[in-house]
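J.: Taken in sequence, the protein lines are chains A and B. First residue of the first sequence? That's -13 in the working numbering, and the numbers climb one at a time after it. First residue of the second sequence? That's -13 in the working numbering, and the numbers climb one at a time after it.
Hints are supplied without guarantee of correctness; some may be wrong.
Computed footprint of chain A on chain B; a stretch qualifies when at least three of its residues, placed anywhere within it, have a C-beta under 8 Å from a C-beta of chain A [claimed, not checked]: (1) 102 to 110; (2) 195 to 209.
In the SDA-like style, the derived pairs of lysine to any residue whose C-alpha atoms are separated by at most 25 Å in a straight line are [as the list claims (entries may be wrong)]: (3) A:K157 <-> B:N105; (4) B:K161 <-> B:L151; (5) B:K157 <-> B:D169; (6) B:K157 <-> A:K157.
No lab work stands behind these hints: they were computed from the structure. No residue lacks a Cβ here, since even glycine has one placed at the ideal position from N, Cα and C.
Number of protein chains: 2
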Amino acid sequence: MIVLVRPQLAENIGTVARAMANGGLFHLRLVAPRDGWPQDRAWRTASGADAILEAAQLFPDVPSAVADCHRVFATCPRPRHIVVPLRTARAAAEDLREINGRALRAAVLFGPERAGLENDDVACADTLVRYPLNPAHMSLNLAQAVMILAYEWWTAAEPTPPRQLQTHATKVATKGQLEGFLDRLVAELDASGFLEPAHKRPGMVRNLRHWFERGEVTEQELRTLHGVVTELSRGRMRRGRPEED
Amino acid sequence: MIVLVRPQLAENIGTVARAMANGGLFHLRLVAPRDGWPQDRAWRTASGADAILEAAQLFPDVPSAVADCHRVFATCPRPRHIVVPLRTARAAAEDLREINGRALRAAVLFGPERAGLENDDVACADTLVRYPLNPAHMSLNLAQAVMILAYEWWTAAEPTPPRQLQTHATKVATKGQLEGFLDRLVAELDASGFLEPAHKRPGMVRNLRHWFERGEVTEQELRTLHGVVTELSRGRMRRGRPEED
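Pulled out of the complex, with its shape left as it was, chain A reads as follows:
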C-alpha cells in the first residue's frame, strides 16, 4: 500500500499511479492532498492506470491512513535522531513481500514533493527506507521514488533469469547446419585461393570456425550467409580468379 502524505500536485498523483501499475502495486492512499481529491489532472498523467486512482482512498492524517496496517515503512532521505530499522529499497521490497505473504497489511509513506515527511509522520513508521543513490545529486521526484520501490517490489518476486538469450520466435541452427555452411564457405575460399599458402590453411580455417561458433546462429542468419557466399562467388566467377583482374 502506497500512502502519499500531503501531495501537492495532482499530476504527481497520476504519475505515481502509473509507476505503481508498472510494479504491480494497486492500493493507493492519499493523506490531505493540497488541492483536494479527486482531480482530473491526476487522470491525465496516469497513462491508463485509472483503476488505481479510482480506488484511491482519502484520509485526513497519517494515523488514520495507517490505522488498519500492521507495518508502516517511511521513505526518508534525511537522518533522524531515532533508533529504527533502516532498509534499502531492495531489502524493504523483500520485507514487504514477506509481510504480504503472512497476509498482513503494510503501508509505505512518501512525503510531499518539496519537504518530505515531517518528524511526526516518521514517528508513525516502524521501519525507514532509504534509497542508496548518488549523495552528490540525490534528487528523486515523487513518482521516481515510488517507481523504484514498485520496481523492487515486482523484482522481488520476478522469476526472469537475469541473463539469457533472446530467442523468441526464431529457430537456432543446428551444429550440422552450421557445419554445412562452413564446409561450403571453405570450399569457395579454397577455390578463390584465399586459404593459401597451404601451411597457413589450418589456422585460417580454425579462425573462421571460431568466428562462426562464437554464439548461437539462427537458421535465418545461415540462409542469409549462404546467400552472401553465393553472391560473392558469382562475382568471382564473373570476374575470373582475382589474380587475373
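Using the hints provided, position chain B relative to the given structure of chain A.
T.: Showing chain B alone in chain A's frame:
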C-alpha cells in the same frame, strides 16, 4: 554512457539528466533529437543536473554515436527475431560495471518516447536489456526507464548494507541504563499494586522486560520514559492508591 535515440521532448532529456545524476551517470549522447539541441526546456527539468546537459554530445545516427564504444546495450521491451544476449536491468548494470572496470566504453540505447528503438537501432547492439515489470501495465516513460538503469548502476557498486539500524546522531542506551529504568518502573508498579496478585508478578515483569528489550533504546528515549513514570507516579500519589478513588 546513455544514448537517447531520436528523443522527442526536450523536457524529457532534462528529466533523463536528472535521473542519471541520481545514479551517478554522467555521459549523455543524443541522436537526432526531434526539436534540435540545445533546448532551454531541458535545463528547466534537469533539477540541477546541468553539467550532464552541457557535456551532452550530439550525433546524427546510432552508428556514429556508438562508434567509439566497445559494447552497446539496447533497452527493448518487445521481442525481436534475433538471437542476442538478454539481460534484466540488474544484470545489465552488473555487466556495465564489469565492462567499465576493464576501461572499456559501453553505451545503453534508449528509444524515442512513443515508438521505442527501431530494428536498425537494435541491430547496433550486442546485448538487449529488458525490465522485468508488470506485463499487464508496462508503461515506463523515458526518464523512468533511465532512472531504473541508473539506480541499478549505482546499487551495483553500493556498499550500504540492505538492513541496518538508523542510529545517526543518537546514543543507544546501555543495558545497565535500561535495567535501571526497569527496576524503577517495577518498583512504582509494585507500589501501585499493579503487579498483584503475587503469583502473576513474575510473568508480568517478564512481559514488561520483553517489551522494553525488543530493540535498541536511546538514552533520550530512556530519559523520556523516566519522565513518564515520574509524572504518572505523581498523579497516583496525588490521587492516593487506585482502590481509594
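J.: Now tell me, hint by hint, if it's right for this structure.
T.: Hint-by-hint comparison with the structure:
no. : hint              : in the structure
1   : 102 to 110        : violated (count 0)
2   : 195 to 209        : holds (count 6)
3   : A:K157 <-> B:N105 : holds, 18 Å
4   : B:K161 <-> B:L151 : holds, 17 Å
5   : B:K157 <-> B:D169 : holds, 21 Å
6   : B:K157 <-> A:K157 : violated, 64 Å
Comparing the model with each earlier hint shows violations of hints 1, 6; every other hint is respected.
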